[in-house]
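Visitor: Can you make the complete structure from the sequences, with help from the hints?
In the order they appear, the protein sequences are chains A and B. According to our numbering, the first sequence is numbered sequentially starting from 780. According to our numbering, the second sequence is numbered sequentially starting from 34.
Derived by calculation from the structure, the hints in this document are not laboratory data. Incorrect hints may appear among the rest.
Unchecked claim - Here are the computed distance ranges between Cβ atoms for each label pair:
| no. | chain 1 | residue 1 | chain 2 | residue 2 | range |
| --- | --- | --- | --- | --- | --- |
| 1 | B | L91 | A | T836 | 31 to 39 Å |
| 2 | B | N129 | A | K845 | 17 to 25 Å |
| 3 | A | T894 | B | N57 | 42 to 50 Å |
| 4 | B | A111 | A | I791 | 37 to 45 Å |
| 5 | B | E71 | A | Q839 | 48 to 56 Å |
| 6 | A | S797 | B | G73 | 20 to 28 Å |
| 7 | B | Q47 | A | E831 | 47 to 55 Å |
| 8 | B | K92 | A | E801 | 28 to 36 Å |
| 9 | A | P787 | B | D100 | 39 to 47 Å |
| 10 | B | L36 | A | S868 | 23 to 31 Å |
| 11 | A | K845 | B | G85 | 40 to 48 Å |
| 12 | A | T836 | B | T135 | 31 to 39 Å |
| 13 | B | T95 | A | G879 | 27 to 35 Å |
| 14 | A | S833 | B | T140 | 39 to 47 Å |
Claimed, not checked - Computed footprint of chain A on chain B, listed as stretches where at least three residues anywhere in the stretch have a Cβ under 8 Å from a Cβ of chain A:
| no. | region |
| --- | --- |
| 15 | 72-83 |
| 16 | 99-110 |
Model, not experiment: these values are computed from the prediction. Cβ atoms here follow ideal geometry from the backbone N, Cα and C, with glycine treated the same way.
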Amino acid sequence: GAVVSQHPSRVICKSGTSVKIECRSLDFQATTMFWYRQFPKQSLMLMATSNEGSKATYEQGVEKDKFLINHASLTLSTLTVTSAHPEDSSFYICSATQRGISYNEQFFGPGTRLTVL
Amino acid sequence: TQLLEQSPQFLSIQEGENLTVYCNSSSVFSSLQWYRQEPGEGPVLLVTVVTGGEVKKLKRLTFQFGDARKDSSLHITAAQPGDTGLYLCAGAAGANNLFFGTGTRLTVIP
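Guide: See the structure below:
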């Protein structure tokens, strides 16, 4: 149980285009979903927290107009990188907390490797 | 921001050796999790410790939560190549937030 999927796993795009990444909880209802960014050989950096039906909460320094998050249901959250540039190239990972589970345990998706040319 | 420092940052050992990874903070956490991440994949939850002084074992991995719930350690006995990966500790505070450590990249050489 507690499986989280992400799509796509890899994406290559041209500078200036927008890219949408989907995060789904496959076998549970996710109370909250999180979006992280990870640079090579570094730890996870939290970008934003989203709850179903409400606006996402962005961490300091993360541009909400550039990284659009939509949490349409208890099983789906999307991250759209708008007008992507090479510096946005990174590994993006989502996670979800399961309704009814305590201790803030998060279940992670497999990640999406974004390369902006 | 609650900072979690992990040490060592990098560790390369021979198969069969023992090792300990440390996760330290000046903040108190309600619980602490350890994750392992392999290249190109998302982190996988290994364990959650909740009570100060708690010790949990997962096969060859032993996790301990500090008495004051500010620090934790992960000890691996007789390391195997399959243990290779990025180990992340994460402290829980507030309703949903996890604060991730700086990470320890372990390489076990056959």
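Visitor: Give a verdict on every hint.
Guide: For each hint, the structure was consulted:
At roughly 33 Å, the beta carbons of L91 (chain B) and T836 (chain A) sit within the given window of 31 to 39 Å. One distance hint, 17 to 25 Å for the beta-carbon pair N129 (chain B) and K845 (chain A), holds here, with the actual separation near 23 Å. Checked against the given bound of 42 to 50 Å, the beta carbons of T894 (chain A) and N57 (chain B), roughly 35 Å apart, lie outside it. Remark: the range hint 37 to 45 Å for A111 (chain B) to I791 (chain A) is upheld by a beta-carbon distance near 42 Å.
E71 (chain B) and Q839 (chain A) have their C-beta atoms about 30 Å apart, which leaves the hinted 48 to 56 Å range violated. For S797 (chain A) and G73 (chain B), the hinted distance range of 20 to 28 Å is satisfied, since their beta carbons lie about 24 Å from each other. For Q47 (chain B) and E831 (chain A), the Cβ-Cβ distance of about 48 Å falls inside the hinted range of 47 to 55 Å, so the restraint holds. The hinted range of 28 to 36 Å is satisfied by K92 (chain B) and E801 (chain A), whose Cβ atoms lie roughly 34 Å apart.
For P787 (chain A) paired with D100 (chain B), a C-beta distance near 45 Å keeps the hint of 39 to 47 Å intact. At roughly 26 Å, the beta-carbon separation of L36 (chain B) and S868 (chain A) lies within the given 23 to 31 Å, and the hint holds. At about 41 Å, the CB distance of K845 (chain A) to G85 (chain B) agrees with the hint of 40 to 48 Å. In this structure the hint that T836 (chain A) and T135 (chain B) lie 31 to 39 Å apart at CB is violated, the actual value being about 23 Å.
About 29 Å separates the C-beta atoms of T95 (chain B) and G879 (chain A), a value consistent with the hinted range of 27 to 35 Å. The hint said 39 to 47 Å for the Cβ distance between S833 (chain A) and T140 (chain B), and at roughly 42 Å that hint holds. Coverage of a stretch by a chain is defined here by at least three residues with a beta carbon nearer than 8 Å to that chain's beta carbons; for the region 72-83 of chain B and chain A the count is 8, and the condition holds. Requiring three or more residues with a Cβ within less than 8 Å of a Cβ of chain A, the coverage given for the region 99-110 of chain B is violated, as only 0 such residues are present.
When the structure is compared with the earlier hints, violations turn up for hints 3, 5, 12 and 16 and for no others.
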